[in-house]
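Chain order of the listed sequences is A and B.
Note that the first sequence covers residues 1 to 419 in my numbering.
Note that the second sequence covers residues 420 to 838 in my numbering.
Keep in mind that the hints are not guaranteed to be accurate.
[To be verified] Pairs of lysine to aspartate or glutamate, EDC-like flavour, derived with a Cα cap of 16 Å:
(1) LYS421/B / GLU140/A
(2) LYS2/A / GLU467/B
(3) LYS2/A / GLU47/A
(4) LYS421/B / GLU333/A
(5) LYS2/A / ASP464/B
(6) LYS2/A / GLU466/B
(7) LYS833/B / GLU801/B
(8) LYS421/B / ASP61/A
(9) LYS2/A / GLU140/A
(10) LYS421/B / GLU559/B
(11) LYS833/B / ASP814/B
(12) LYS368/A / GLU316/A
(13) LYS414/A / ASP350/A
Since the hints were made in silico from the structure, they are not lab data.
Protein chains: 2
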Amino acid sequence: MKACIVAVGTEMLTPLRVDTNSLFITERLNEIGIDVRLKLIVGDDVEELAELLRAALAWADVIVMTGGLGPTEDDITRAGVARVLELPLAVDESIVDRIRERFMRRGLTMPEINRRQAMVPRGATVLPNPNGTAPGLWMEQGGTAIVLLPGPPREMKPMFDIVVRERLAARTKGAGLFRRVLRITGRTESDVDAHAQPIYGKWTSQAVPITTTILAVLGQIELHVTAHAPCRAEADAALDRAVAELRDGLGDSLYSVDGRPLEAVVGDLLRSNGLTLAVAESCTGGLLASRLTDVPGSSDYLDRGVVCYSNRAKIESLGLAERLIEEHGAVSEPVARAMAEAIRAQANVDVGVGITGIAGPGGGTLQKPVGTVAIAVVGHGEARVRTFQFIGGRDQVKFQATQAALNMLRLMLKSQSGR
Amino acid sequence: MKACIVAVGTEMLTPLRVDTNSLFITERLNEIGIDVRLKLIVGDDVEELAELLRAALAWADVIVMTGGLGPTEDDITRAGVARVLELPLAVDESIVDRIRERFMRRGLTMPEINRRQAMVPRGATVLPNPNGTAPGLWMEQGGTAIVLLPGPPREMKPMFDIVVRERLAARTKGAGLFRRVLRITGRTESDVDAHAQPIYGKWTSQAVPITTTILAVLGQIELHVTAHAPCRAEADAALDRAVAELRDGLGDSLYSVDGRPLEAVVGDLLRSNGLTLAVAESCTGGLLASRLTDVPGSSDYLDRGVVCYSNRAKIESLGLAERLIEEHGAVSEPVARAMAEAIRAQANVDVGVGITGIAGPGGGTLQKPVGTVAIAVVGHGEARVRTFQFIGGRDQVKFQATQAALNMLRLMLKSQSGR
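All chains should be built: construct the whole structure from the sequences, respecting the hints.
And the structure:
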């Protein structure tokens with residue numbers, strides 16, 4: 001089955017906003033075997049909307065529309081659909097009552113303008129909206145289902161899941177698309193593909209076909225592994241096998257097969273091994289600590305962090321020897337290691353991390369250009385120290401440096417815990 | 420003039436990717452008086468693309484397409500356009516030479532498949548691509564300009580700015596749209612609108628009409644102020660006046676009229692007053708230091724930060740009295756103030772900031788629910804201490820707390836420097 005998703009709203013035709021509702025809707029449609037073939041983003045113009053709808057009706061089995069169901073003149077979705085389907089619009093008083101009640105519960109009087117939200121094309125099914133005033137609408141014409149959903153995600157999403165999903169699923173017989181996102185770090189895209197392609201290349205023609213897309217994002221490579229299967233259980237079985245094969249092929253560089261970010265993977269390793277952590281950062285400026293503390297419960301293992309942005313801070317808060325910095329430079333492996341060892345001793349924790357580098361745009365030299373970052377991880381009598389050369393702007397260097405530090409930490413924890 | 424933007428690529432019809440090229444293109448088109456009326460996102464299917472293009476040709480003055488210009492079978496933009504315009508496609512050997520040269524410069528041989536990128540519909544103008552192999556193409560039919568640009572932003576953007584912009588500008592006579600983004604924090608959306616609406620409400624009918632949109636985003640309110648003017652100079656004059664009026668009406672809560680984020684505004688205030696800063700964070704976990712160090716040159720004023728995630732860390736690294744924490748609780752104004760004072764003294768800087776709170780999801784109590792955050796800013800004999808109650812998930816509480824801390828810091832610096 002083929003779907004068209006329509007986002008209605010002039011704000012999405014400015015340079016300031018994109019439509020993101022369609023990502024959620026696409027995922028849900030894919031799961032019940034509906035393929036999204038077109039996305040339209042249109043403004044608040046009845047004529048234009050009507051014309052595009054007419055074209056989509058000619059080929060789409062499902063048209064899902066979001067937005068334009070508000071109470072103002074700008075909200076033209078109902079009118080556009082009614083025009084194309086040649087149905088009269090009339091106020092449904094039971095909807096007016098529900099909207100009025102909603103206002104009353106908040107001690108407010110319903111403005112007259114909100115009666116517009118109770119306009120329904122004749123024959124349409126009204127979809128209740130527990131989180132807002134605008135109900136959704138379901139219509140059919142010539143075998144095409146037309147679904148109107150409100151724009152705000154907290155109204156649209158539950159309406160889709162509670163009402164729309166089942167109604168659409170009843171119409172489909174095809175296989176659904178079910179995805180896993182695998183995350184890899186510390187390797188290039190072409191290196192990952194060289195190892196992964198011989199594995200995933202065989203899957204396209206099996207009973208439950210699986211397609212794989214490789215994508216380079218900052219500091220990591222993603223593999224999107226998609227199974228075509230009649231139901232989630234069959235997809236899961238096939239995806240489990242696929243993920244196991246990729247895990248064998250990619251080894252240690254594959255850090256997540258369930259969407260967990262690297263900081264959560266590291267956190268779980270620390271917790272399950274009963275270890276505590278402290279970090280000393282220079283060029284990453286607190287981003288490593290901030291990423292670690294994005295994970296709920298991170299206070300179980302993260303004791304503290306210091307951000308030593310000046311050399312004086314490195315000397316005073318970590319007790320680094322001035323001579324060490326003079327001799328090797330602030331951005332050097334000996335300084336990174338001394339930072340890691342100092343914070344570990346100071347905090348009396350199991351593992352310490354030290355990062356020092358040049359995030360740019362200034363501060364680079366011929367020997368140590370912008371993007372040079374030295375990272376040390378110390379713990380349990382082991383010290384791992386490496387120097388990286390990252391490319392990109394300041395934010396990108398900061399992020400890649402924290403990603404590299406988390407990965408060094410992950411690999412050390414894994415090897416020490418023998419897993 | 421009316422434009423349609425078409426993004427070609429099946430990956431943008433999955434739940435994992437949105438089209439963002441259109442934001443850049445919309446901004447540029449708006450500036451030269453071209454209105455974007457429709458965005459289409461289509462997959463790698465020649466038939467479907469051709470059908471949609473035919474429909475857009477009927478009304479659009481400009482069709483800008485991105486993506487689908489690669490060398491593989493999936494790259495169908497050239498073929499789709501040639502079909503609709505009924506033009507034969509032929510290989511342009513001068514393009515092949517350029518692509519081959521590009522490969523040679525990297526010591527590589529051009530794969531035969533790349534000849535596809537040299538296919539040109541008869542009569543099309545070839546737009547050079549300094550950053551990639553796929554050239555752009557410019558065609559015209561019945562008064563509509565059709566522009567094909569590569570998908571990767573680093574190829575698409577310079578091609579648009581260097582070649583396409585001027586060609587399109589020559590065709591338009593209309594007024595352009597020029598925007599400013601104003602940022603406000605510490606007030607609610609409705610409060611901002613109550614003060615701003617009486618000001619911007621008058622602007623829609625003036626010689627250079629200005630429209631204003633208000634938008635609530637996490638930790639701040641944005642006002643998008645858009646002038647309709649024949650050129651940038653006229654727009655700037657009108658926008659300067661508009662911004663000055665809004666500045667009077669909104670007062671101190673308006674922190675940026677030029678897109679600068681709050682951390683950059685605070686950084687500029689610190690630098691221009693020759694002040695230095697150190698921060699002590701608990702629940703924000705390093706995010707405040709990380710945001711401050713996102714700004715190039717922040718080492719001029721940020722000396723250091725500490726992240727005291729455990730009570731032990733608060734006592735050991737900041738020298739806080741255990742009794743103070745026992746008496747008031749770790750999340751309390753006296754502790755926030757003691758943290759700010761301790762880091763200021765320890766680092767021997769002008770200003771210290773302390774943040775302590777409950778980011779959630781665990782750790783809340785009846786008296787101090789999740790989202791409770793105490794913040795202190797101390798410097799120059801002045802101490803400002805406040806307790807906030809933020810709503811939202813862990814990330815949102817963290818961000819809002821840093822936003823509130825930066826704003827308290829901004830307001831103190833402003834009042835102390837008498838501006």
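Hints the structure violates: just list their numbers, smallest first. Hints 1, 3, 4, 8, 11 and 12 are the ones this structure does not satisfy, whereas the remaining hints hold.
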